[in-house]
Amino acid sequence: MIEQTIEQRRRSLGGGLEVGRVLPHAGRRMVGPFIFFDHLGPLDLPKGVDRHVDVRPHPHIGLSTVTYLFSGEIMHRDSLGSVQAVRPDAVNWMTAGRGITHSERFEKARAMGDHLHGIQAWVALPREDEETTPSFAHLEGDALPHWTEAGLHGQLIAGSAYGLTAAARTYSPLFYVHLELAAGAKAELPAAYPERALYIAKGRIRVDGQDYEAGRMLIVSPGSSWFEALEPATVMLLGGEPIGERFLLWNFVSSSKERLAQAALDWQAGRMKLPDADHDEFIPLPAGTLPPQALPSS
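Note that the sequence shown covers residues 1 to 298 in our numbering.
A portion of the hints provided could be inaccurate.
Pairs of lysine-lysine residues, derived as BS3-like cross-links and limited to a Cα-Cα distance of at most 30 angstroms, are as follows [what the hints assert, rightly or not]:
#, residue 1, residue 2
1, 186, 202
2, 47, 108
3, 47, 202
4, 108, 202
5, 273, 257
6, 108, 273
Simulated restraints, written as ranges between beta carbons of each label pair [to be verified]:
#, residue 1, residue 2, range
7, 209, 266, 48 to 56 angstroms
8, 186, 12, 31 to 39 angstroms
9, 129, 51, 31 to 39 angstroms
10, 26, 257, 16 to 24 angstroms
11, 231, 98, 41 to 49 angstroms
12, 111, 4, 40 to 48 angstroms
13, 3, 281, 36 to 44 angstroms
In short, the hints are calculated from the structure, not lab data. Fair warning: this is a prediction, and the values are worked out from it, not measured in the lab. Glycine included, each C-beta is placed from N, C-alpha and C at the ideal position.
Model the full structure from these sequences, guided by the hints.
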């Protein structure tokens, strides 16, 4: 049964880069530990695209960022020294923990043009792991189990589902799956988790006799749940065990509002290390991010 339908809201990230924001939503903050879900593109980036489309160095705490592409290429650089392009059917999994900074740039697009389409998600960390040591992993191939059956190709990005387990280190029980379905193909959501959702990135599907189009996330109640593709479709499945209330402030996630304010002050004061390979510019803390009482006295 569908508990709720969330339609993406278009958001500009600046420089001409626009995304479909799905989570967080006023009516649904999280699905399991997933606290943020952006649909990138589909967007054609012309050869020589302006550098303003890039996402300059910026900070995170208390979460793992998960970048997964259907097409295109994004170059990642972070304060651990990682320099890694992410391409289709691979994943960049960055755990911020107590603090990390990174940039995401479109260098392939500048050189030859590119067609960008993908998903960026944030997975909140359990309270006991919010201040864990930052880490970065690039995963592809056998690290992301895949399977093919009648009219369906699936890839497990993270967690456990369908008797498979992906290689990314996760800190709480979850699943994250990419499915490509031919028209008429059917698939079942993993049933072992209390919070589940599917997101239609392309095409149309039918659930419980109701048709849904691309750009919608469906929150699905526990139990056996199947859906059918009405045309070729790209669908993301996600969910897991809830980890408790989390607060967001700009790019920061925490169970503590005080910790969020401290992270913002640290970034504003230049106390968070920039990537060694990308340290000449950064995104300033947006005006109004901190309430007046959180600002240091002059």
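Legend entry - Hint check against the structure, violated hint numbers in rising order: Result: no hint breaks.
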